[in-house]
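One letter stands for each residue in the lines below.
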Amino acid sequence: MNRKIRQLAAGLIVLYLILFAAMNYWQVGREADLNAMDGNTRAIRREFSRPRGDIVTADGLVVAQSLATPQGSDFPYQRQYPTGELFANVTGYYSLALGSTQLERTQNAVLTGQTAEQRIGNVEDIFTGGEGTGTVQLTMRADLQEAARRALGGRRGSVVVVDVQTGAVLAMWSNPSYDPNLIVQPDFDAAVDARADLLEAPGDPLLANAYQQRYMPGSTFKVLTTGIGLEAGVVALDSDFERLSSWTPPQTTNPIENYNGTNCGGDLREVFRRSCNIAFAQLATNIGVDGMVNGVGAWGIGQPVPIDLPRPAASTFGDTEGLDQQLPLLAIRGFGQNDDQMVPVHMALVAAAVGNNGVMMQPYVVAATLDSQGRTLTRTQPTEWLRPISAQTAATLNSLMQSVVTDGTASCCLQLANGVPVAAKTGTAQLNNDGQPERSHAWIIAFAPADQPRYAISVVVLGTNEEISASTGGRLAGPIASEVLDEALSNG
Amino acid sequence: MATAAPVARARRSTELSLVVMAGMITAIAYTFASLGQYTQIPARIIPFLLTLLGLLLLAHLAVRWFARGADPTVLPLVALLHGIGYVMITRLEPERLAGLQTTWSVIAIVAFVLTLAVVQRAADLARYRWTFLLLGVALLVMPLVPGVGSSFGGARIWVSVGPVNFQPGEFAKIALAIFFAGYLADNRQLIAGGTWRVGPLHLPEPRALLPVAAAWAFAVLVMVAERDLGSSLLFFTLFVVMLWVSTERVAYLLLGVVLFFGAAFVSWQLFDHVQLRVDIWLDPWSEAQDDGYQIVQALWGLSDGGLMGTGLGRGSPDIVPVSESDFIFTSIGEELGMFGAAAVLMAYLLIVGAGLRIALRTENAFEKLLAVGLTTIMGIQAFIIIAGVIKLVPLTGITLPFVSYGGSSLVSNYVLLALLVRLSDSTARRLQEIPDDPTLAERRAARKQRRRATSRRGVRGAVT
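Sequence order for the protein chains is A and B.
Each residue of the first sequence is one higher than the one before, starting from 1 at the first, in the numbering used here.
Each residue of the second sequence is one higher than the one before, starting from 1001 at the first, in the numbering used here.
This is chain A alone, in the form it adopts within the complex (with noise of 0.2 Å):
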């Protein structure tokens, strides 16, 4: 029999050796294949298995964080937003099936403990029972982001709030916003219909409208003609602006007007305190396209916000080709109509480039991640984005603007707890021809305290019906900017 026995162990050995080829098969050569597979949901199972770091606010307040689920769910966490929709558009959202947006996805990394750093650290979290992961320290204070929501309230809009010495933004809020737990809630189908709503909701309440989307600026954009104006020397404190109705720009036989066909005029103090469109429209002619162009290239319209978030918006001056055959248009966008089109957190960028001697700083929600330990990791350092003007021209500018507050179009709404100075333009962007019911955008860009500048800020009220003049941007969006800017002086 023993001739047999050595035949069935060697058939049993060729079996086994069957076997651990067929492993050697699935394992290393269809490896690649089989895990790219639709369907194949292992790589995201692993992803959401994981324990989750917080996503914290400057002044300590929890806005995202993962909690315990009971015992025999299908995940050991369950993401939280406990803001709900407050700091939705800066966290973004972290779902299984519905992917991962905004600081959840970005910040990934540091959150779920696998930066190098944090793979290191780690180790001692075996004893010490931590879980791994890191923390996403924002720059934002939730008084402030409550105060802008609070301001704003129903309307739509967006309202930024920018630290002037280090671009660090302390709030940005736009409203449509959405409930981030909607999405993330362990209810898939409920979760879908969540997003579906949302994607369908008019205002897009999913993008970040502050730093996604851009506007018509309408007279706000009178800082930048100005600073470009001052800076090529075209324009200087004490220039004359005839006093004008109606003014007809080359190339053309359409008039422009002032707001309701005012008469408007004087030096430039006098121009720019009551916004009067005639004086712009010959100043952006007077600087001419090639001016104009670069000029509001060293402003940095035309680059995308370089904000550490997803998928900025770039400001526009429209298109800019032929425009020396169009000269008209020119003049129109001097003011802020027709083509131009600004993002709000660049609008408070701007604010805060005056207020900074003409040092626009890098836009910044991060403020810095820690590891499981509370050590940091990262600290992000305030960085110069651009220099559009000089230090000479901003304290023009500033002047200027504090004017405007004082006797201008923003004096009316714009006024501080302590009577602290504070610098402000207001502006009306007119969306409606004419012959149609009047709807505009309402903004005001304003800086505080005007001598000491701290805090810049960038308010538009969108779409709204309300009777468009010069100062309609001041008497809707003012008092926002005022609400907001008691809060952020009132707490340091």
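Derived by calculation from the structure, the hints in this document are not laboratory data.
Note that CB positions come from ideal geometry on N, CA and C, so glycine has one too.
Do not rely on the hints blindly, as some may be mistaken.
Stated by the list, open to error - With the C-beta cut set under 8 Å, the calculated list includes, among others, these residues of chain A facing chain B:
1. N2
2. K4
3. I5
4. Y16
5. W26
6. V28
7. N40
8. R46
9. Q71
Add chain B to chain A, keeping to what the hints say.
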């Protein structure tokens, strides 16, 4: 008491170090599984370690006492497989099954010890072969008895006794293997010889082959009736192999292969569930969301693991249905990678090798055949289920010995292991590698005989 034996001492020391090594590997794997899932050292690591080592030492001591000449590699290999299986089960179902598997492990080790203690001479088993036949048949038929048996997962192979569910079929395999070994050892010449002429064919005497063929046919039919295809296949293979090895006639092997494919074809024609299994085996991808879900997820698990595995506690083997028993091999392949899976394959191959080595060394025909039978059961069972879960052959629902969750499987495999260890020890004694101490039974019988002799002599007075 047992006399000194350097060979035995050497073997047992080897076994002790290997068993401790297997225990340490299990403990380390247990720790890593907890780290992988919860980033924490497991809370109950110390009690776990103590229980684990305690059980392993108990088994080792039983071998030391009852079978000290045995091959030193089989128990450690089994301990390793058992340990890996236990770690995976705890990782997959810490609430539901870990505690149960612990209980069954204790029972299995106790059964191992008892089997070693009770079966002191392997050759004695041959005497009871007809008893084992009856026992085997009874165990097979038990689940079919209305009121006693129950269906689960489409197969009627379970019997409940109070709160416990067990599969008598697992024990029936061993009983019938003993019967076959005993019967074939005696009658193999008759079965091998071609004394009955049917035309040009030389066939064995039907009288000789009949009991075995009948037992086999009955077993297969019962398993088909219970819809336990895996066990039918296993049983069929066991019978063919034992017949072929004992008679040394290739004709039986070929006949077996032909009959197998014939039966497979017929069952494919007749039964829906067989057709379904074959369809899923051929193309699970198109049914990846329903019927093919299990095998597709298992294969995706394997590819996710790749060579090195995802790491214990870091994969998703739990999304494969029945990942803790039928599909435990792919769970291991996912988390421990191809290296881990290859280690498991190696372990089975080494156990098979040890078993067949035992078969080769012994001169006693019954012991040879029993060793072959038991080794075949384990080796082929592991092959069938592993091949099934990696889509090499259609899936059948049988357990992976020692690794899968399953009380009856674990206990019956440890009994099987005990018998192999016993066979190994018997051979060592017969080959004079260790002194052949008399067993308890033999000593009692000898004492009785001495008393009888002295009582007779005692009438005549003292010994002269």
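Taking the numbered hints from earlier one at a time, note which ones the structure violates and give those numbers from smallest to largest.
none
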